[in-house]
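Undergrad: Mind docking chain B on chain A? Use the hints.
What follows is the residue order along each chain.
There are 2 protein chains.
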Amino acid sequence: MKGARPLSRWQLTVDLTDGEGPVYLAIAQALSDAIRAGRLAPEERLPGARSLAAELGVHRNTIVAAYDELVAQGWLEALPARGTFVAARAPTVLEGRGGSRSTPRRAIPLALPDLSLGPNEREPGPVRRRGLIAMDGGTPDLRLAPTTAMARAYRRAVRSPEHLAYGDARGHPRLRAALATMLAQARGLAVDANGLLVTRGSQSALDLVARALVRPGDRVAVEALGYAPARAVFRMAGATLVPIPVDAHGLDVEALGRALADGPIRAVYLTPHHHYPTTVTLSPWRREELLRLAARARPPMVLIEDDYDHEFHYRGRPIVPLKARDPHGLVVYVGTLSKLLAPGLRLGYAVAPPELAAAMLTIRELSDRQGDPAIEAAVAELFEDGELQRHARRMKKAYAERRDVLLTALADELGDVLDVTPSAGGMALWTTVRSPWAAHTEAWAARAVELGVRVATGREFGLDGAPLPHFRIGFAMASPDELRLGVKRLRRALAYFDTHRR
Amino acid sequence: MKGARPLSRWQLTVDLTDGEGPVYLAIAQALSDAIRAGRLAPEERLPGARSLAAELGVHRNTIVAAYDELVAQGWLEALPARGTFVAARAPTVLEGRGGSRSTPRRAIPLALPDLSLGPNEREPGPVRRRGLIAMDGGTPDLRLAPTTAMARAYRRAVRSPEHLAYGDARGHPRLRAALATMLAQARGLAVDANGLLVTRGSQSALDLVARALVRPGDRVAVEALGYAPARAVFRMAGATLVPIPVDAHGLDVEALGRALADGPIRAVYLTPHHHYPTTVTLSPWRREELLRLAARARPPMVLIEDDYDHEFHYRGRPIVPLKARDPHGLVVYVGTLSKLLAPGLRLGYAVAPPELAAAMLTIRELSDRQGDPAIEAAVAELFEDGELQRHARRMKKAYAERRDVLLTALADELGDVLDVTPSAGGMALWTTVRSPWAAHTEAWAARAVELGVRVATGREFGLDGAPLPHFRIGFAMASPDELRLGVKRLRRALAYFDTHRR
Numbered sequence: 202m203k204g205a206r207p208l209s210r211w212q213l214t215v216d217l218t219d220g221e222g223p224v225y226l227a228i229a230q231a232l233s234d235a236i237r238a239g240r241l242a243p244e245e246r247l248p249g250a251r252s253l254a255a256e257l258g259v260h261r262n263t264i265v266a267a268y269d270e271l272v273a274q275g276w277l278e279a280l281p282a283r284g285t286f287v288a289a290r291a292p293t294v295l296e297g298r299g300g301s302r303s304t305p306r307r308a309i310p311l312a313l314p315d316l317s318l319g320p321n322e323r324e325p326g327p328v329r330r331r332g333l334i335a336m337d338g339g340t341p342d343l344r345l346a347p348t349t350a351m352a353r354a355y356r357r358a359v360r361s362p363e364h365l366a367y368g369d370a371r372g373h374p375r376l377r378a379a380l381a382t383m384l385a386q387a388r389g390l391a392v393d394a395n396g397l398l399v400t401r402g403s404q405s406a407l408d409l410v411a412r413a414l415v416r417p418g419d420r421v422a423v424e425a426l427g428y429a430p431a432r433a434v435f436r437m438a439g440a441t442l443v444p445i446p447v448d449a450h451g452l453d454v455e456a457l458g459r460a461l462a463d464g465p466i467r468a469v470y471l472t473p474h475h476h477y478p479t480t481v482t483l484s485p486w487r488r489e490e491l492l493r494l495a496a497r498a499r500p501p502m503v504l505i506e507d508d509y510d511h512e513f514h515y516r517g518r519p520i521v522p523l524k525a526r527d528p529h530g531l532v533v534y535v536g537t538l539s540k541l542l543a544p545g546l547r548l549g550y551a552v553a554p555p556e557l558a559a560a561m562l563t564i565r566e567l568s569d570r571q572g573d574p575a576i577e578a579a580v581a582e583l584f585e586d587g588e589l590q591r592h593a594r595r596m597k598k599a600y601a602e603r604r605d606v607l608l609t610a611l612a613d614e615l616g617d618v619l620d621v622t623p624s625a626g627g628m629a630l631w632t633t634v635r636s637p638w639a640a641h642t643e644a645w646a647a648r649a650v651e652l653g654v655r656v657a658t659g660r661e662f663g664l665d666g667a668p669l670p671h672f673r674i675g676f677a678m679a680s681p682d683e684l685r686l687g688v689k690r691l692r693r694a695l696a697y698f699d700t701h702r703r
Numbered sequence: 202m203k204g205a206r207p208l209s210r211w212q213l214t215v216d217l218t219d220g221e222g223p224v225y226l227a228i229a230q231a232l233s234d235a236i237r238a239g240r241l242a243p244e245e246r247l248p249g250a251r252s253l254a255a256e257l258g259v260h261r262n263t264i265v266a267a268y269d270e271l272v273a274q275g276w277l278e279a280l281p282a283r284g285t286f287v288a289a290r291a292p293t294v295l296e297g298r299g300g301s302r303s304t305p306r307r308a309i310p311l312a313l314p315d316l317s318l319g320p321n322e323r324e325p326g327p328v329r330r331r332g333l334i335a336m337d338g339g340t341p342d343l344r345l346a347p348t349t350a351m352a353r354a355y356r357r358a359v360r361s362p363e364h365l366a367y368g369d370a371r372g373h374p375r376l377r378a379a380l381a382t383m384l385a386q387a388r389g390l391a392v393d394a395n396g397l398l399v400t401r402g403s404q405s406a407l408d409l410v411a412r413a414l415v416r417p418g419d420r421v422a423v424e425a426l427g428y429a430p431a432r433a434v435f436r437m438a439g440a441t442l443v444p445i446p447v448d449a450h451g452l453d454v455e456a457l458g459r460a461l462a463d464g465p466i467r468a469v470y471l472t473p474h475h476h477y478p479t480t481v482t483l484s485p486w487r488r489e490e491l492l493r494l495a496a497r498a499r500p501p502m503v504l505i506e507d508d509y510d511h512e513f514h515y516r517g518r519p520i521v522p523l524k525a526r527d528p529h530g531l532v533v534y535v536g537t538l539s540k541l542l543a544p545g546l547r548l549g550y551a552v553a554p555p556e557l558a559a560a561m562l563t564i565r566e567l568s569d570r571q572g573d574p575a576i577e578a579a580v581a582e583l584f585e586d587g588e589l590q591r592h593a594r595r596m597k598k599a600y601a602e603r604r605d606v607l608l609t610a611l612a613d614e615l616g617d618v619l620d621v622t623p624s625a626g627g628m629a630l631w632t633t634v635r636s637p638w639a640a641h642t643e644a645w646a647a648r649a650v651e652l653g654v655r656v657a658t659g660r661e662f663g664l665d666g667a668p669l670p671h672f673r674i675g676f677a678m679a680s681p682d683e684l685r686l687g688v689k690r691l692r693r694a695l696a697y698f699d700t701h702r703r
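Protein chains in written order, with our numbering: chain A, 202 to 703; chain B, 202 to 703.
This is chain A alone, in the form it adopts within the complex:
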């Protein structure tokens, strides 16, 4: 029992500022306060008298006297040849002076400003349960991530003291060069590595754009069905959101034109390559019209192009980004390595017009200074070695296969219930629930979680959080067998719901 806990390896700090009377009693009081406040845990071993004496600048005998006093009071136990320990049954409730666990005793309310977020706009915790098949999003299959190569590259990178230090807030030059090469070769987007800003995932890129661009009261257009955390950053910056409908050809640019007639729009946030959540692609004629509209507007509209899963395009040619045709410097291009590599690395990037890029860089430096140079250098090495290019090809092939598996399984099991929206790429399928089941979409999905599969429902994507008869079903993070099993569970959830709930 005793000694099972490791020795305290941190020097013990004793607060003597309250002490009165003899020093040994003051020390005893401080130690019992520490035990009461939970800073010293039951059965924890105390420092030796000699070492605590040296630390507190008192004679060893003073500490011995303090320990004896506390043993007498029942706070401590002395075990011959083992040391002095906090008594197993010492009180640990947070009473008395000096206690300061997370809940203050007499808290004064702070009256914080309201963040004014809408439904869905607080990032939900991921539902994790053993055996639950997660088909609710666009996370890649992390079981296939090149972790051995990553660990090797990190080991090399972390050896250089410069990779542990303050560095270039735009991101490691090697990573910027690798990303610029990828953008030029794989996406037809020519950027100078100096015009590219490495960020903490695309979310932080969007936050930087919002903070640099939006004044309170500015109108920002967003896709009527879209990515709630993106909407949230514009709201936090004080924007009024203007929802624009999306159809089979992507954002309805005519509707945007009508909204613009109602008043200036500072920025449009959109996902043109694979619309989130429906995965449709913005048509070429709408792209041209959008660029014209942005440049004609006064003040001009900034187009924030979130190209979150460009690499996963399975039919026909990938479409070149809007940013590739931006003579007026109105497009901010945002991308991420979360889909290609792993979201945990928190690596994204932005290519912005120079004026905006400079403001974003200043805000970046002041909000978290820079990224982790060792991680950035390690990922750069994976690009330089061709490791990530090979990984991208492998994953594209795997995800194309999984997409086919999911399409087949949905047709076989739920062809009479779900209509799948045609799309050329992405990491999920967008489906519409037919009547009479449409009205029960949420209940169906809830039952499906009980049976071991999670899909996203339409409610997660609209501005008002109202239920919508859609499932978004991810296929990237589950194996073909898991996908087939997941669809069977989804079917079973419907059967149960059919018999029990109607």
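Hints were generated in silico from the structure; no laboratory data involved. Here the structure is a predicted model, which is why all the values come from computation and not from measurement. Honestly, I wouldn't trust all of these hints.
Just so you have them, the derived chain A footprint on chain B, three or more residues with Cβ under 8 Å [stated by the list, open to error]: (1) 450 to 463; (2) 552 to 560; (3) 569 to 581.
Chain A residues, not near chain B, derived (Cβ > 10 Å throughout) [claimed, not checked]: (4) 223; (5) 251; (6) 254; (7) 284; (8) 414; (9) 527; (10) 608.
Ideal Cβ placement from N, Cα and C applies to all residues, glycine included.
TA: Below, chain B alone, put in the same frame as chain A:
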């Protein structure tokens, strides 16, 4: 020459949306646009005709025809048995359609909001030069960082797919537990691991506090000499800064009381353990008075306690943080691993009253979602193994020695010119330049950089950016020999300045 550049490893995306006439000409046009726009570099090898044909969904002969056309036009060169390359002398200027390097051709100004930053508040790039001895700050000596242990711990951590995924935005539970243990044992601060938020260095903790707490127009008190990037985050949140003087006992709490009489103060940002930049410690009686003042104020004042280098205290006992005596929940405690381990890891933490902690967490999730779980787990392992505790002890010993070396060298070389402010800890010494040299502090420091040593000058710390007769001289990042050499160079810079500039 040819083939020296690596093969393009990314699939090439060709934009055919502009194409007119025969497909092979459209492809040729798209390729020459790509070369003109810099997306394909001189001497770069093109994909084989068969593979590009497959990618674009055309017949192989169409690509051969397009390549032939471009060879005829001089854009490409075909080398038998080697492949087809962009001509070495192909134009790369950014003319014509489709070009979009960082500088737009006909940029429309965006009229961005002003960030309203003061002098010194845009983070300066670090001055790096071979042979320059950096004694200008509080960076640890990264040559001594435990990188082998870190690489090993990362290799173990990155193998778990959960460490590559979305996780707990508060930070990895193991890291929060390790930090809570450290705070309890080494700093006398009892916190629940759940009340602790891991951040991207202390800078992002301060940014989160400012965003959660400050409304435009709120007054925020700051130390009159202080840390400019901290001031900047409060300004970005719209605060009006109220400078409070600092003397040998730290922040002048009486002066703060007078400022409070002029109107409400939302928050006080301070560095009580080792004041930045002067390294003095806030006295116990002022701490008590400050806590009383904060609770009495209406609305209450939030105290933002930045304890950036707690571990490096050399004389007497470390003082327990303000946060340890916070019955009203008015203190936000901010710390960092930048000094203990390395700034490049971007790991800090905050312990805030629950209401404020919840708002900070929401903003964190929306601004960059979370930290890197693999890095957080790896650092947690270093704590669990006792590696960081041993490192802390080693570094404290090394820095105490370096501090003595610097004190001795300054007394020997510059005892007649610089007065050193007494202090009990920190990673730098604060000195005052005596007359008649006081007025030439900036010129002296500039000359010192030319001679190979950089110290920080008083100008970097005040709100108005005015020159002040102080040097802040860091001792942690330089070895004893470097410190002695650095001081000699500083002396030499004065000699040169004495003879040439006066």
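Undergrad: For the stretch 569 to 581 of chain B, does the count of residues with a C-beta closer than 8 Å to a C-beta of chain A reach 3?
TA: holds (count 8)
Undergrad: Hey, is residue 254(A) genuinely clear of chain B, shortest beta carbon separation above 10 Å?
TA: For residue 254(A), whose nearest Cβ neighbour in chain B is about 12 Å away, the distance exceeds 10 Å, so it holds.
Undergrad: Taking a Cβ-to-Cβ distance below 8 Å as contact, does the stretch 552 to 560 of chain B have at least three residues touching chain A?
TA: Since 7 is at least three, the answer is holds.
Undergrad: A cut-off of 10 Å on Cβ-Cβ distance, and residue 251(A) was said to be off the interface with chain B. Does that hold?
TA: Fine: 16 Å to the nearest Cβ keeps residue 251(A) off the interface.
Undergrad: Confirm or reject: residue 223(A) is not an interface residue toward chain B, with every Cβ-Cβ distance exceeding 10 Å.
TA: 18 Å, holds
Undergrad: Holds or violated: is the Cβ of residue 284(A) farther than 10 Å from all Cβ atoms of chain B?
TA: 16 Å, holds
Undergrad: Would the non-interface assignment of residue 527(A) survive a Cβ cutoff of 10 Å against chain B?
TA: Its Cβ does come within 10 Å of chain B, the nearest being 5 Å, so this is violated.
Undergrad: Hey, is residue 608(A) genuinely clear of chain B, shortest beta carbon separation above 10 Å?
TA: It holds; residue 608(A) is separated from chain B by about 21 Å at its closest Cβ, greater than 10 Å.
Undergrad: Residue 414(A) clear of chain B by more than 10 Å, beta carbon to beta carbon?
TA: 6 Å, violated
Undergrad: Does the stretch 450 to 463 of chain B contain three or more residues whose Cβ lies closer than 8 Å to a Cβ of chain A?
TA: violated (count 0)
Hint compliance for this structure: hints 1, 8, 9 are broken, all remaining hints hold.
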